[in-house]
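Visitor: Listed below, chain by chain, are the residues.
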Amino acid sequence: MIVKDAVCPFCGCLCDDIEVEVEGNRVVAVTNACELGMTKFMGEKRLKNPILRVENEWKDITYDEAIRYAADMLLSAERPLLYGWSGTHGEAQCVGVHMAELIHGVIDNTSSVCHGPSILAIQEVGHPGCTLGVVKNRADLVIYWGSNPIDAHPRHLSRYTRYAEGFFLENAFRDRKVIVVDVRKTETANIADEFVQIKPGGDYAVLSALRAIVQGKTDTIPRTVAGVTREQLIRVANLCKSAKFGAVYFGLGLTMTQGKYKNIRNAIEFISELNRHTKFTISAMRGHYNVYGSNEVNTWMTGYPFGIDFSRGIAFYNPGETTAVDILARKECDAALIVGSDPAAHFPRKCLEHLAEIPVVQLDPYPNATTAFCNVQIPVAVTGIDAEGTAYRMDGVPIRTRRVLSTDYLSDEEVLSRMYALMQEEPRP
Amino acid sequence: MSFLMITGRTVNQGVTVENKTSPEYAAETSTCFMHEFDMMELGLDDGDAIRVTGPCGDVVMRAAASLEVEMGTVFVPYGPYANHIVAAGTRSTGMPDFKSHEVEIEPTDEEPKLVHKLMEDLGGLAYDR
Numbered sequence: 001m002i003v004k005d006a007v008c009p010f011c012g013c014l015c016d017d018i019e020v021e022v023e024g025n026r027v028v029a030v031t032n033a034c035e036l037g038m039t040k041f042m043g044e045k046r047l048k049n050p051i052l053r054v055e056n057e058w059k060d061i062t063y064d065e066a067i068r069y070a071a072d073m074l075l076s077a078e079r080p081l082l083y084g085w086s087g088t089h090g091e092a093q094c095v096g097v098h099m100a101e102l103i104h105g106v107i108d109n110t111s112s113v114c115h116g117p118s119i120l121a122i123q124e125v126g127h128p129g130c131t132l133g134v135v136k137n138r139a140d141l142v143i144y145w146g147s148n149p150i151d152a153h154p155r156h157l158s159r160y161t162r163y164a165e166g167f168f169l170e171n172a173f174r175d176r177k178v179i180v181v182d183v184r185k186t187e188t189a190n191i192a193d194e195f196v197q198i199k200p201g202g203d204y205a206v207l208s209a210l211r212a213i214v215q216g217k218t219d220t221i222p223r224t225v226a227g228v229t230r231e232q233l234i235r236v237a238n239l240c241k242s243a244k245f246g247a248v249y250f251g252l253g254l255t256m257t258q259g260k261y262k263n264i265r266n267a268i269e270f271i272s273e274l275n276r277h278t279k280f281t282i283s284a285m286r287g288h289y290n291v292y293g294s295n296e297v298n299t300w301m302t303g304y305p306f307g308i309d310f311s312r313g314i315a316f317y318n319p320g321e322t323t324a325v326d327i328l329a330r331k332e333c334d335a336a337l338i339v340g341s342d343p344a345a346h347f348p349r350k351c352l353e354h355l356a357e358i359p360v361v362q363l364d365p366y367p368n369a370t371t372a373f374c375n376v377q378i379p380v381a382v383t384g385i386d387a388e389g390t391a392y393r394m395d396g397v398p399i400r401t402r403r404v405l406s407t408d409y410l411s412d413e414e415v416l417s418r419m420y421a422l423m424q425e426e427p428r429p
Numbered sequence: 001m002s003f004l005m006i007t008g009r010t011v012n013q014g015v016t017v018e019n020k021t022s023p024e025y026a027a028e029t030s031t032c033f034m035h036e037f038d039m040m041e042l043g044l045d046d047g048d049a050i051r052v053t054g055p056c057g058d059v060v061m062r063a064a065a066s067l068e069v070e071m072g073t074v075f076v077p078y079g080p081y082a083n084h085i086v087a088a089g090t091r092s093t094g095m096p097d098f099k100s101h102e103v104e105i106e107p108t109d110e111e112p113k114l115v116h117k118l119m120e121d122l123g124g125l126a127y128d129r
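Listed in order, the protein sequences are those of chains V and F. With the UniProt record's numbering, the residue at position 27 of the first sequence is 27, and numbering never jumps. With the UniProt record's numbering, the residue at position 89 of the second sequence is 89, and numbering never jumps.
Some clues are possibly wrong.
Ranges between beta-carbon positions, derived for each pair [stated by the list, open to error]:
hint, chain 1, residue 1, chain 2, residue 2, range
1, F, Pro23, V, Lys279, 48 to 54 Å
2, F, Met40, V, Arg235, 31 to 37 Å
3, V, Arg223, F, Glu120, 41 to 47 Å
4, F, Ser92, V, Glu44, 52 to 58 Å
5, F, Ser92, V, Gly24, 48 to 54 Å
6, V, Arg174, F, Glu120, 53 to 59 Å
7, V, Asp408, F, Leu42, 52 to 58 Å
8, V, Arg428, F, Glu106, 23 to 29 Å
Keep in mind the hints are simulated off the structure, nothing from the lab. Remember, predicted model here, so these are calculated numbers, not experimental data. Cβ atoms here follow ideal geometry from the backbone N, Cα and C, with glycine treated the same way.
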């Protein structure tokens with residue numbers, strides 16, 4: 001059987017033109033997906049049943065036992081952390097927020113270690129963004145800043161920018177310029193019309209210089225700024241001003257580096273400056289499948305996009321204090337529920353040392369690095385492959401994902417709903 | 001020698017990320033991409049083991065020559081190896097300094113550990129059925 005127009009569950013592009021060939025409840029071929037998406041669809045070695053760690057051994061347990069364990073763990077914790085949520089659907093994220101509120105826990109999603117700083121900047125100065133379709137059809141200049149789509153979002157270039165046909169561009173490949181700004185000369189830099197190589201940590205200075213040039217203060221620019229020559233800065237500023245419609249896509253090269261959210265703020269203000277001359281937008285290259293959805297769901301349920309602390313009974317938000325890395329590094333939480341992410345592979349070791357000391361339950365189809373720190377791992381359906389639901393694309397468009405396989409695995413939403421129902425039965429103080 | 005360590009996505013990291021117990025994921029995330037001249041300075045060939053020491057300890061990786069990085073900078077794909085030496089401070093943002101760590105690199109005879117072993121060193125228990 002061939003399933004057409006399936007939605008890829010790997011990165012924030014959510015490519016919705018994937019063809020998946022299924023034979024006997026196994027994916028045997030995938031068309032249109034990039035290498036990352038194809039491997040995700042073809043994934044194997046799933047955990048067969050829930051597992052419980054008993055001292056130095058793993059024991060198979062039933063779903064009922066595992067769900068009861070998780071509910072009891074969260075109910076008896078004083079400061080539980082509910083982390084992850086980017087690899088799952090909006091429906092499961094909703095249950096997570098209700099659960100965090102019920103037990104006065106902290107709920108954080110993986111954006112705190114990806115585009116959290118971007119959101120902090122957007123909260124300060126706003127976000128002149130647009131959908132990917134608008135860029136594809138209208139943009140005659142695209143800038144990738146601190147992002148490397150060839151490695152991280154392989155089809156972004158062919159679906160929306162460099163290699164995409166545009167409705168308002170006669171010859172998109174010729175008429176659309178691509179500028180890449182990065183500290184490394186990546187594969188993406190090799191296909192750019194203009195590559196701006198800056199010294200690590202120099203993004204803020206380069207953005208400030210570009211803002212000054214667009215404001216007409218070219219005389220104030222020194223000979224080089226963070227390794228970029230004055231001539232190149234002027235050339236880039238002029239390319240931007242002369243574009244009919246420009247789009248900037250920035251990545252973790254801005255959010256993880258020195259300056260963090262202040263870099264993004266400066267980039268947004270550079271775009272605001274350009275909007276006095278022409279039409280320009282700026283958007284984040286969201287990496288992890290439905291990470292955008294976790295920000296959306298958290299925001300429309302609590303008012304805050306990530307790092308939400310319910311310990312006061314109401315939603316409280318203070319990145320750096322109520323975010324997962326900080327809470328774990330301070331050894332503050334006394335239980336952790338992990339859904340749709342793998343913090344053991346992606347958090348600094350100090351955080352893992354605390355995960356090893358507290359009870360941990362993880363919902364994930366595959367054994368991963370966090371499995372080693374679990375007391376219980378509950379295998380679930382793979383979101384977007386054998387579970388369907390809502391995911392948000394990197395431009396904020398919610399997409400109903402399709403189910404291409406039918407398995408007996410419960411979805412994240414089903415497991416969490418059963419946990420939540422058990423937790424609601426307990427008398428509250 | 002001192003270097004600035006940057007972490008980030010690679011295609012191979014993305015392809016192996018759903019199978020973190022595999023040797024391919026371990027090999028990719030324990031690769032330290034370096035400038036050829038820096039490798040010459042340290043007497044390293046492609047694939048040689050190196051000890052990378054950061055603010056929170058050290059980890060063994062393998063050096064690989066790359067045209068993409070500048071001298072004085074090294075690039076390591078996201079994963080448990082780089083995170084073994086990254087500090088947990090977030091400067092009030094929630095985000096650690098994943099792309100701006102000073103590290104010391106020296107040749108070593110030790111082999112990189114498996115992901116399982118790294119996790120067990122921190123108090124975890126590997127699941128490898």
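Visitor: Against this structure, judge whether each hint is valid.
Guide: Here is what the structure says about each hint:
For Pro23 of chain F paired with Lys279 of chain V, a C-beta distance near 49 Å keeps the hint of 48 to 54 Å intact. Range check, Met40 of chain F to Arg235 of chain V: Cβ separation about 35 Å, and the 31 to 37 Å hint holds. A hinted range of 41 to 47 Å for the beta carbons of Arg223 of chain V and Glu120 of chain F is inconsistent with their spacing of about 53 Å. Checking the proposed 52 to 58 Å range against Ser92 of chain F and Glu44 of chain V shows it is violated: the Cβ atoms sit about 42 Å from each other.
Between Ser92 of chain F and Gly24 of chain V the Cβ separation comes to about 53 Å, which falls inside the hinted range of 48 to 54 Å. For Arg174 of chain V and Glu120 of chain F, the Cβ-Cβ distance of about 56 Å falls inside the hinted range of 53 to 59 Å, so the restraint holds. For the pair Asp408 of chain V and Leu42 of chain F, the supplied restraint of 52 to 58 Å holds, since their beta-carbon distance comes to about 53 Å. Between Arg428 of chain V and Glu106 of chain F the beta carbon distance is about 57 Å. The supplied range of 23 to 29 Å is therefore violated.
Hint violations for this structure: numbers 3, 4, 8, all remaining hints satisfied.
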